[in-house]
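Participant: Just so you know, the sequences run in chain order R and S. Here this note's numbering = 1-based position in the first sequence + 20. Here this note's numbering = 1-based position in the second sequence + 414.
Source of the hints: derived by calculation from the structure; they are not laboratory data. No experiment lies behind these values; they were computed from the predicted model shown. Heads up, a few of these hints could be off.
[Claimed, not checked] Computed spacing ranges between beta-carbons, pair by pair:
hint, chain 1, residue 1, chain 2, residue 2, range
1, R, Lys83, S, Arg758, 49 to 55 Å
2, S, Met547, R, Ile204, 56 to 62 Å
3, R, Asn152, S, Arg641, 37 to 43 Å
4, S, Arg757, R, Ala191, 31 to 37 Å
[Unchecked claim] Footprint (simulated), chain S over chain R, 3 or more residues, beta carbon under 8 Å:
hint, segment
5, 31 to 44
6, 66 to 78
7, 92 to 100
8, 103 to 110
Every residue gets a Cβ at the ideal spot worked out from N, C-alpha and C, and that includes glycine.
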Amino acid sequence: MLEVKNVSYKIGEHQILDNISALFEPGKLTMILGPNGSGKSTLLKIISNEINNYSGSVHYDKKLLNKKDTGSVSKIRAVLSQESELSFPLTVEEVVMMGRYPHFNLRPSKKDTEICHQALKRMKMDSFHERNYLTLSGGEKQRVHFARVMAQIWEQPEDKYRYLLLDEPIASLDLNYQHEFLKIAKEVAQQNTVTIVVIHDINLALQYADFVLLINKGKIVAMGNTLEVITVENIQEIYALRCRVVQDKTSHIPYFIVESSI
Amino acid sequence: MNTSRLKYATLYSILSVLLLLTMFLAIRTGAVHITYREIFISLAKAFGFHPDAKIEPIQEGVFMQIRLPRVLLCVVIGAGLSVSGALMQALFRNPIVEPGLIGTSSGAAFGAALIFVVGKSFFAQYSQLLGNMILPLSACVFSFIATMLVYRLSSSYGKVTVTIMILVGVAINAIAVSCTGFLSYIARDPQARSITFWSLGTFSGANWNSVCLVYAVVIPCIFLALRYSKALNALLLGESEASYLGINTEKLKTRIIILNTLIVAVGTSAVGVIGFVGLIVPHLLRMIKGSDNRFLIIGSALMGAVIMNVADMVSRIVIAPAELPIGIVTSFVGAPVFIWILRRQKGIHSKGGYYA
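Starting from the given sequences, assemble the full structure and let the hints guide the process.
Facilitator: Rendered as structure tokens:
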């Protein structure tokens, strides 16, 4: 369970986040949506401890997040950024093994290697072990990093939940892997993991999210079950777009169609 | 890497054999010819075996007092500079960084020149031993200041922009070099001459004192660096990614800069400024077998020692019986290789990459 209490964050006079409180539960795929500059990535950075000069508090498993401690939480919490700047020749396996770094001291154990292989397999990258990371396409690189963060929290800790934070993870992926990615994220969520995804695509959110946080100008506009939050009124209000919803006859998932800007 | 099927262990063995080979060659090379037999007998005598074995005193003297310390110093400084190159490249997440480019060496040079010129009058009352310590200490302080300045000035929001880093490096180097130049201008003749020699690098002054000091500092630093290889690997992903993997990046950066400064400053205070070795060696290794920093650190130590041995032999042979400052040799060969690397990398990573 992950709780954010009264979190505010300012850069200079500019209020980025204004008194945000939210509760994220394991078992549900949570998505954070909002326009550019709404503060959703900043919220994720606060949760993941990258920004630590905020006011308010973040609690993991009801324990206050120590703003300076990065060691202990890294075994149960993995974060995937939009883009990684890795520009050195490493094999795919070496990159995925970095996800196991919090779990071993000097040399990886057999188990660590095994987990790396399974994580790669899960991302359908079995044949990529020995490939040079630099020769991969953008989407392949992103899948390698997803395998890396999966390897980081592969095992279910006995008395704790796991946490998976994904910041716009699917921007560089093709249609097939966008869905593959979110399916895996959903599976992970269902295995007792607090999973939070920052995403732009309303229709993907409607299809996969269980819980949605809608943010605009640093404030929570709506929060709750997907269908209750992603409504025509809310979307029109925060994006200043006129849109309508069609219902798919077989899956009954609503689909947003944008008509014009207001 | 798929570029090489060689195992790490095989590579280390090859490099170790090469190292021994070049050490023996370097010991034998020179005006006085020394045979393998003489080498072994001198060594045995030095360790207390066969105290009355027959050997020409000239050969023994040249071996024990000139060649052996020189080769040992070559080995440790080659290893140290290359490891420091590997560390800096990991820290700046950029493979074209080396101590000479980011102020570390020129800062150390200035620190040492300061002692050459004004030190004698300030510290005259202290003993010789303290005098021996003050030179490396001053080199350390100034190279640390220079490196930190470059790092701080070229990073904003935790990201180092390479273009800015190179420019800041040029500026800080220019300041250090002009200060050193000023010192050699106001210096009296012998001091100025030693500064000049020293800024080109030379192993001709090698003696057991310097060997002991440099080994005592550099070897522990290399082993310490090895402990950080995992964290440095994670740092390649970027600072936030590394911290998600539980690494305290601020602490790591400071420690790596301190280790690096110690290695370079102590080395530089012993033999002067030697460029490009720290740049080329890790890069060659990376082309052979990837960027795992554990491999890079061990490999750089071995390969750097080999290359420094070869460079020193060249510097002794080219214009024998005189000898060329080794810094001239390494720059003369290293700079073209550096250009070649730049050209080659540009082709591979036209988008972003190191040069973004």
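Participant: None of the hints should be skipped; say for each whether it holds.
Facilitator: Taking the hints in turn, this is what the structure says about them:
1. Range check, Lys83 (chain R) to Arg758 (chain S): Cβ separation about 50 Å, and the 49 to 55 Å hint holds.
2. Remark: the range hint 56 to 62 Å for Met547 (chain S) to Ile204 (chain R) is upheld by a beta-carbon distance near 60 Å.
3. For the pair Asn152 (chain R) and Arg641 (chain S), the beta carbons lie near 27 Å from each other, so the given range of 37 to 43 Å is not met.
4. Look at Arg757 (chain S) against Ala191 (chain R): about 32 Å separates their beta carbons, and that is inside 31 to 37 Å.
5. Given as covered by chain S, the segment 31 to 44 of chain R fails the check, having 0 residues with a CB less than 8 Å from a CB of that chain where 3 are the minimum.
6. With a cut-off of 8 Å between beta carbons, the segment 66 to 78 of chain R has 3 residues touching chain S; three or more are needed, and the interface restraint holds.
7. For the segment 92 to 100 of chain R, the assignment as covered by chain S holds, since 7 residues bring a beta-carbon within under 8 Å of that chain's beta-carbons and 3 suffice.
8. Remark: the segment 103 to 110 of chain R is confirmed as covered by chain S, as 7 of its residues place a Cβ nearer than 8 Å to a Cβ of that chain, reaching the required three.
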